[in-house]
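As a plain string of letters, each chain reads:
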Amino acid sequence: MSRQLEFDIFRYNPQDKGSVPHMQTFVLDETENMTLFIALNRLREEQDPGLIFDFCCRAGICGACAMVVNGKPRLACQTKTVDLPERITLLPLPVYQLIGDLSVDTGSWFREMYQTTESWIHTNKTFDPNALEERMENEVAEQIYELERCIECGCCVAACGTARLRDDFLGAASLNRVARFVVDPRDQRTDRDYFEIIGNDEGIFGCMGLLGCEDVCPKSLPLQNQLGFLRRKMGITAIKEIFRK
Amino acid sequence: MQTYYSDLLVIGAGLAGERVAVEAAQEGFDVICLSIVPARRSHSSAAQGGMQAALGNCAKGEGDNVDVHFGDTVRGSDWGCDQEVARLFADAAPIEMRRLAHWGVPWNRVVPGKSFYFKGGEKFEKEEKEEKRGLITARSFGGTAKWRTCYTSDGTGHAVMCTMDNRCAELGINVFDRKEAISLIHDGDKCTGAVVRCLRTGELEVYLSKATSICTGGFGRIYKATTNAVICDGGGHIIAHDTGVVPIGNPEAIQFHPTGIVPTDILVTEGCRGDGGTLLDVNEERFMNIYEPEKAELASRDVVSRWMTHHMREGKGVKSAYGEHLWLDIRHLGDKHISTKLREVDEICHHFLGVDPRTQLIPVRPTQHYTMAGVRTNKDGAVYGLKGLFSAGEAACWDMHGFNRLGGNSLAETVVAGGIIGTKIVEFLKGYETDFKTAVVAEAVRKEQDRIEKLRSGANGKENVYKVREEMQDALMEGCFVFRNDAGLNKCIETLQGTLDKARKVGLVSDGLGANHELAAALKIEGQVKLGLCIAKAALERTESRGSHNREDYTARDDKNWLNRTLAYWREGADMPELQYEEATPGYEIPPGDRGYGGGSIIEADKAEIEAKMFKK
Chain S
1 MSRQLEFDIF RYNPQDKGSV PHMQTFVLDE TENMTLFIAL NRLREEQDPG LIFDFCCRAG
61 ICGACAMVVN GKPRLACQTK TVDLPERITL LPLPVYQLIG DLSVDTGSWF REMYQTTESW
121 IHTNKTFDPN ALEERMENEV AEQIYELERC IECGCCVAAC GTARLRDDFL GAASLNRVAR
181 FVVDPRDQRT DRDYFEIIGN DEGIFGCMGL LGCEDVCPKS LPLQNQLGFL RRKMGITAIK
241 EIFRK
Chain V
1001 MQTYYSDLLV IGAGLAGERV AVEAAQEGFD VICLSIVPAR RSHSSAAQGG MQAALGNCAK
1061 GEGDNVDVHF GDTVRGSDWG CDQEVARLFA DAAPIEMRRL AHWGVPWNRV VPGKSFYFKG
1121 GEKFEKEEKE EKRGLITARS FGGTAKWRTC YTSDGTGHAV MCTMDNRCAE LGINVFDRKE
1181 AISLIHDGDK CTGAVVRCLR TGELEVYLSK ATSICTGGFG RIYKATTNAV ICDGGGHIIA
1241 HDTGVVPIGN PEAIQFHPTG IVPTDILVTE GCRGDGGTLL DVNEERFMNI YEPEKAELAS
1301 RDVVSRWMTH HMREGKGVKS AYGEHLWLDI RHLGDKHIST KLREVDEICH HFLGVDPRTQ
1361 LIPVRPTQHY TMAGVRTNKD GAVYGLKGLF SAGEAACWDM HGFNRLGGNS LAETVVAGGI
1421 IGTKIVEFLK GYETDFKTAV VAEAVRKEQD RIEKLRSGAN GKENVYKVRE EMQDALMEGC
1481 FVFRNDAGLN KCIETLQGTL DKARKVGLVS DGLGANHELA AALKIEGQVK LGLCIAKAAL
1541 ERTESRGSHN REDYTARDDK NWLNRTLAYW REGADMPELQ YEEATPGYEI PPGDRGYGGG
1601 SIIEADKAEI EAKMFKK
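First to last, the sequence lines map onto chains S and V.
Okay, so the first sequence: first residue is 1 according to my numbering, each after it adds one.
Okay, so the second sequence: first residue is 1001 according to my numbering, each after it adds one.
Hints may contain errors.
To be verified - Dumping the calculated BS3-like pairs for lysine-lysine here, alpha-carbon to alpha-carbon at most 25 angstroms:
| id | chain 1 | residue 1 | chain 2 | residue 2 |
| --- | --- | --- | --- | --- |
| 1 | V | Lys-1224 | V | Lys-1505 |
| 2 | V | Lys-1224 | S | Lys-80 |
| 3 | V | Lys-1123 | V | Lys-1295 |
| 4 | V | Lys-1502 | V | Lys-1447 |
| 5 | V | Lys-1454 | V | Lys-1114 |
| 6 | V | Lys-1336 | S | Lys-219 |
| 7 | V | Lys-1319 | V | Lys-1224 |
| 8 | V | Lys-1126 | V | Lys-1341 |
| 9 | V | Lys-1447 | V | Lys-1462 |
| 10 | V | Lys-1295 | V | Lys-1060 |
| 11 | S | Lys-219 | V | Lys-1341 |
| 12 | V | Lys-1607 | S | Lys-80 |
| 13 | V | Lys-1454 | S | Lys-17 |
| 14 | V | Lys-1119 | V | Lys-1295 |
| 15 | V | Lys-1560 | V | Lys-1505 |
Quick caveat, the hints were computed from the structure, so don't treat them as lab data.
Source: prediction; values computed, not measured.
Given the sequences, and given the hints that come with them, work out the whole structure.
This is the structure we're talking about:
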């Protein structure tokens, strides 16, 4: 016997002057292998075409569909309803600006982050199309890729105690981004340069160590290890700075 | 109304779009990129496998060079490609991969020493040379003579997309997300920008530009079973085709991938087979080695898809609630290989199937995957019919893929073509001036406002957009899939004509306010059905089998009559596309011959005619 699922969904469309924030309940019969991607699309196509939510790759690769599912930020596309109780509550991610219903503006947040962290390789070398590529140990390449696997879904920031308290906190995704460049030998920035970006309470010293970020990361990124790694590095840099003065 | 000006407007900010943008921005031009989603969510980022470039660094890639890559590409295309374009591509690919390394892509590198690899389920040994240590390495992919596919674990698209988007941030390129172009601004002669719907507010905006580039990826979503992201719905093709003067090149050339998982159609990478995975039937027995003794699972995608479909028709498929499927077996590759080199596959199996690929089989079947079809351009990426309009990547029919694309050539095309076409756009922009006619702009905006108003008020009718879409998807799955024939195509066309009528009578159920999805779907449904009709009509007319286009009633590749490319125009007010044809290639470096796999007979072209068109070296 298939279950009857009850979806409590947050509704608010800021572009509709008559809209007020509220919860709305939908009922749907569960089918085999149902994911929230399948369920939400069925709700929109069969019950309420005005329902606003985001999906893109629907395969857990792009990070578009993060939302708070029964209290926990996660990717809707890779959430199977069979793993949830009959009553499912869906809320938009906190921290980010609301676009409507379950859709939030992660794009603007992350683009601002690229500028803050200067998210690109800093080098004074120029590209020579006639030369062989610069060599790199495979292990190093894999180490960089390990940190570059972030899909910018925003779950870690939504689950972060500090980010919920103060909106200037960079969050785990940004610190992970900095770590990605720290381990990359092509980036010529020094620890002092990185200190300028993250050596403060908005950055590495603002983290309360609650581990919420790592708990919810759908890609299982080693976020806490990176925070620890950067905190040690920045701590040492801070001490060196004191002696320089 | 908000109006933005730029030298170059790039519609679509995936790899091709951003690569084009970077080239122009580096030359000091003002560039705006528009994207439906944040750039890094583009479908480019979903590509797991890798990018083909003849670097020849790894042991199994020794002796590789751009000529071998060119040859594989031409043979892979079943001689449907433009050989000048394939040559441009193969020559530039190695340089572009090195450039990406310079910009920050963490390519996997050569590790000297002995290691094992699998082929067709068997274990082999290879030894990498010390002198190649740390250079970009490669893996094996279907249809290629050498190991040539550069990769970063199984997240190549994601890694390259991150690097490219970082490069855009570094150059200060304006990448605006949640913006959807809904029509081009043009006077029938030249293109001067686009009317855009903001997907945050629902407001219309105007983007004026000297040059415009369509880089919106494929349109797999007009099929029901597709590996494509939900944004790959043909939006870019539709706004170009809607002008009436821009043709879709080779609409019948649609690729099907052998390994979409059942039931969600999510792709598991060809890397599974490249690394030694095998296909099994209901009896858990291999079959590709019977049909294709030499290449087996590594034959090109169209060939593998057809044999799979054939094998299921022979009663060897696995029955399931979602129809028949076959099995992909990667169990023998072992935990280490699966959890590092095929990690995405591991995750997909776990999250969407509840399957552990170390001990269990993966249910797969052929699924729509890639559109070789696209906005027809010349070799410079300039779109036929409108001055100032360009296109690159999967959205374009630049035509290095012809009738079948090789794995690893599409992701490579995004950046290689993006670089080449970006350079050509820079040449175009230098010394080009245009004028923006306010009457043309106002008329374009008014037309869109009118369209939206009619959808909201239901003035055209009350058809439900999602039902119309489903009818279109079902018709294409039935009539225009892996195998095609006269009766099926005729029926498909007849159905789609009815669907087109309904698409013109769609009315919204919701209010359509703000980031409303129903309105977005309604704005493109008519264009989607037209694309479907282009596919079906072109497939009906092409009475031969070439690459992915396979006619059960015309099984031979007919070089005598069909060594050409279809151009499908949709004239204003018409109910069917107008088909024209042009030669597949201006000349030949490699004369038409056997692909070396896939069987089938060839009706040969006139030898003297081909000889006369050989490029003189």
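Verification of the supplied hints:
With a CA separation close to 22 angstroms, the supplied pair V:Lys-1224 and V:Lys-1505 stays within the 25 angstroms bound. With a C-alpha separation of about 21 angstroms, the suggested pair V:Lys-1224 and S:Lys-80 falls inside the 25 angstroms cut-off, and the hint holds. Proximity of V:Lys-1123 to V:Lys-1295 is assessed by CA-CA distance (about 16 angstroms); at most 25 angstroms being required, the pair is judged to hold. At most 25 angstroms may separate the alpha-carbon atoms for a hinted pair to count; V:Lys-1502 and V:Lys-1447 meet this at roughly 20 angstroms.
Straight-line distance between C-alpha atoms of V:Lys-1454 and V:Lys-1114 comes to about 67 angstroms, which puts the hinted pair past the 25 angstroms bound. Between V:Lys-1336 and S:Lys-219 the alpha-carbon distance is near 18 angstroms, which keeps this suggested pair within the 25 angstroms criterion. Among the hinted pairs, V:Lys-1319 with V:Lys-1224 is consistent with the structure: their alpha-carbon atoms are about 20 angstroms apart, no more than 25 angstroms. At roughly 17 angstroms between alpha-carbon atoms, V:Lys-1126 and V:Lys-1341 fall within 25 angstroms of each other, so this suggested pair holds.
Restraint check for V:Lys-1447 and V:Lys-1462: satisfied, since their Cα atoms lie roughly 20 angstroms apart, inside the 25 angstroms limit. Pair hint V:Lys-1295 plus V:Lys-1060 holds up; C-alpha atoms about 16 angstroms apart against a cutoff of 25 angstroms. A threshold of 25 angstroms between alpha carbons decides the hint, and for S:Lys-219 with V:Lys-1341 the separation of about 15 angstroms falls inside it, so the pair holds. Under the criterion of a C-alpha separation no larger than 25 angstroms, the hint pairing V:Lys-1607 with S:Lys-80 is inconsistent with the structure, at around 59 angstroms.
A C-alpha spacing of about 21 angstroms is found between V:Lys-1454 and S:Lys-17, which places the hinted pair at or below 25 angstroms, so the restraint holds. The hinted pair formed by V:Lys-1119 and V:Lys-1295 meets the criterion: a straight-line CA distance of about 10 angstroms does not exceed 25 angstroms. Between V:Lys-1560 and V:Lys-1505, the direct Cα distance comes to roughly 43 angstroms. Violation of the 25 angstroms bound is thereby established for this hinted pair.
Checked against the numbered hints listed earlier, the structure breaks hints 5, 12, 15; every other hint is satisfied.
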